[in-house]
Amino acid sequence: MMATDAMIQLIHVSKSYDRRIALSDVTLEIGKGEFVLLMGPSGAGKSTLLRMLIGEERPDQGQIFVQGRNVSRLKQAEVPYLRRKIGTVFQDFRLFPQKSVFENVALPLIVQRASVTDIRRKVTEALRAVGVEHNKDQLPHSLSTGERQRVCIARAIVNGPVVLLADEPTGNLDPERTAEIIELFKLINARGTTVIVATHDPHVMALVSRRVITLTQGGLAEER
Amino acid sequence: MKWLWYIFREAWVNLWTNRTTTVVATLTTAFTLACVGIFLLSYVNLRNAADWLQEDIKVIVYLDDGVSSAETQELEEKLKEDRMVAAIRHISKEEALGEFRSQFPSDSHLLEGLGENPLPASFVVTPAPSYRSPDAVSRWAERVLTMAGVAKVDYNQQWIDALAELIRYIELTAIGVGVILCAAALTIIANTIRLALFARRDEVEILRLIGATNAFIRIPYFLEGALLGACGSALALGMLKLGFELFRHQIASAGRFRGIENMVSFFPLSICLIFIAVGMGLGVAGSMVSLRRFGEGRG
Numbered sequence: 006m007m008a009t010d011a012m013i014q015l016i017h018v019s020k021s022y023d024r025r026i027a028l029s030d031v032t033l034e035i036g037k038g039e040f041v042l043l044m045g046p047s048g049a050g051k052s053t054l055l056r057m058l059i060g061e062e063r064p065d066q067g068q069i070f071v072q073g074r075n076v077s078r079l080k081q082a083e084v085p086y087l088r089r090k091i092g093t094v095f096q097d098f099r100l101f102p103q104k105s106v107f108e109n110v111a112l113p114l115i116v117q118r119a120s121v122t123d124i125r126r127k128v129t130e131a132l133r134a135v136g137v138e139h140n141k142d143q144l145p146h147s148l149s150t151g152e153r154q155r156v157c158i159a160r161a162i163v164n165g166p167v168v169l170l171a172d173e174p175t176g177n178l179d180p181e182r183t184a185e186i187i188e189l190f191k192l193i194n195a196r197g198t199t200v201i202v203a204t205h206d207p208h209v210m211a212l213v214s215r216r217v218i219t220l221t222q223g224g225l226a227e228e229r
Numbered sequence: 029m030k031w032l033w034y035i036f037r038e039a040w041v042n043l044w045t046n047r048t049t050t051v052v053a054t055l056t057t058a059f060t061l062a063c064v065g066i067f068l069l070s071y072v073n074l075r076n077a078a079d080w081l082q083e084d085i086k087v088i089v090y091l092d093d094g095v096s097s098a099e100t101q102e103l104e105e106k107l108k109e110d111r112m113v114a115a116i117r118h119i120s121k122e123e124a125l126g127e128f129r130s131q132f133p134s135d136s137h138l139l140e141g142l143g144e145n146p147l148p149a150s151f152v153v154t155p156a157p158s159y160r161s162p163d164a165v166s167r168w169a170e171r172v173l174t175m176a177g178v179a180k181v182d183y184n185q186q187w188i189d190a191l192a193e194l195i196r197y198i199e200l201t202a203i204g205v206g207v208i209l210c211a212a213a214l215t216i217i218a219n220t221i222r223l224a225l226f227a228r229r230d231e232v233e234i235l236r237l238i239g240a241t242n243a244f245i246r247i248p249y250f251l252e253g254a255l256l257g258a259c260g261s262a263l264a265l266g267m268l269k270l271g272f273e274l275f276r277h278q279i280a281s282a283g284r285f286r287g288i289e290n291m292v293s294f295f296p297l298s299i300c301l302i303f304i305a306v307g308m309g310l311g312v313a314g315s316m317v318s319l320r321r322f323g324e325g326r327g
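First to last, the sequence lines map onto chains A and P. Everything in the first sequence is counted per our numbering, starting at 6 for the first residue and increasing by one. Everything in the second sequence is counted per our numbering, starting at 29 for the first residue and increasing by one.
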């Protein structure tokens with residue numbers, strides 16, 4: 006059914022909301038360790054595709070596989086376990102405002118009931134990897150937008166996910182910070198994690214000379 | 029164990045962040061449960077009074093004037109063999125007259141004009157503990173009345189029946205009022221939890237996206253509900269105890285009811301613990317209602 010080196014596979018996937026088509030008959034495959042840019046204007050279906058990969062939405066038609074598992078047929082109780090394999094980075098960071106940087110990054114490990122020693126070690130590693138180790142005791146509101154995005158990335162990678170999804174991760178950043186964040190994604194990808202970055206920003210494409218999938222009006226328009 | 033610490037801390041943070049709502053909800057729950065407690069306390073004390081009266085119940089079997097001593101002895105033997113009878117004492121006509129004279133010395137001249145002693149001989153029967161209910165005594169009295177030599181069977185029937193009926197009414201009212209007020213407490217707690225959930229909906233969303241299970245997300249809110257319910261019911265018990273002691277003090281200082289203050293009692297420890305457990309249960313149920321309505325369970 007699915008190629009053995011494929012991390013993600015979409016087969017004739019369609020989704021619509023109240024007659025508005027979000028995705029239309031999309032078929033694509035993303036290999037293990039690939040870095041893919043998902044391009045397209047707002048409303049092209051990029052976010053819908055990402056939400057389907059983490060089981061937040063189900064396709065109206067078609068099937069979605071992540072690491073060989075049919076995500077479109079997962080039971081509700083199985084969805085959290087899928088999400089533990091996939092790190093997610095958001096444009097608006099979605100950090101807990103009253104928790105410190107360390108506590109925010111530790112959350113994915115706490116929900117998995119990791120030991121205190123593991124939490125301390127992995128969170129420190131993740132914070133060091135994204136360069137905000139020195140901010141670990143600060144609250145998110147005291148950080149710059151670039152630093153907040155780094156914390157968000159640290160939280161996404163702290164439990165060693167097989168896939169990292171980023172939905173418009175540079176939407177709130179200036180060009181300099183954007184370049185830094187893209188460099189971080191490249192580093193994470195170099196360690197073997199499949200990275201999918203959804204963006205409408207053409208500057209990001211200039212920074213990443215990798216595979217680009219373009220969506221328009223829910224359909225696969227171009228792939229190079 | 030970090031996750032366990034996290035869950036308890038989240039429950040505490042929820043309560044502390046919405047502390048005004050928490051205090052109002054706890055007080056409202058306390059007042060509501062105190063109303064339930066008033067009915068329960070009245071019921072328990074009336075039940076105790078009824079039991080006490082039933083323990084003290086005596087049935088007087090009056091004999092016909094023409095009954096011979098042999099017939100009296102035969103009747104006494106018959107009654108002693110009855111399972112219903114725990115103890116029996118014979119009072120002859122002379123003894124009855126003597127008792128009357130000692131109890132009503134100023135009225136004893138009333139009987140002297142009649143010549144012959146008009147007071148009947150009788151048996152004072154103490155019913156066995158398992159036959160002390162008003163129904164059992166009534167049935168037994170009817171049976172004894174048919175025996176040869178028995179003129180009348182007397183006991184404080186009306187008083188016991190009235191008390192039993194009153195207890196039944198209080199029992200029904202307590203159940204009705206209890207159900208309504210418990211539903212009110214549940215709604216109050218559910219609303220508090222819903223407010224907390226609404227205030228933290230973004231955080232719930234983040235937890236879901238990073239792979240938290242429904243149980244992990246829900247447990248802090250269940251704990252919060254349980255804590256609210258427990259605090260509310262404990263406070264209600266405190267208010268009831270205070271009210272109860274004031275009532276007892278008032279009764280004691282009012283001479284007419286002297287002695288009653290020692291007959292009334294507060295809930296035993298077991299009922300207090302059950303009361304708090306019911307409060308906690310209502311809190312958890314309130315949280316469940318809110319979590320279901322909030323739709324947190326979406327994948």
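Hints are supplied without guarantee of correctness; some may be wrong.
Computed beta-carbon distance windows for the label pairs [what the hints assert, rightly or not]:
no., chain 1, residue 1, chain 2, residue 2, range
1, P, 269, A, 133, 57 to 63 Å
2, P, 36, A, 217, 44 to 50 Å
3, A, 133, P, 227, 52 to 58 Å
If the Cβ cut is set under 10 Å, some of the chain A residues that face chain P in the computed set are [claimed, not checked]:
no., residue
4, 82
5, 91
6, 119
Derived from the structure by calculation, the hints contain no laboratory data. Every value quoted in this text rests on a predicted model; they were computed, and no experiment measured them. Note that CB positions come from ideal geometry on N, CA and C, so glycine has one too.
Hint check results:
1. P:269 with A:133: 57 to 63 Å: Since residue 269 of chain P and residue 133 of chain A have Cβ atoms about 58 Å apart, the given range 57 to 63 Å holds.
2. P:36 with A:217: 44 to 50 Å: holds, 47 Å
3. A:133 with P:227: 52 to 58 Å: violated, 34 Å
4. 82: holds, 8 Å
5. 91: holds, 8 Å
6. 119: holds, 7 Å
This entry does not satisfy hint 3, going by the numbered hints stated previously; all others are met.
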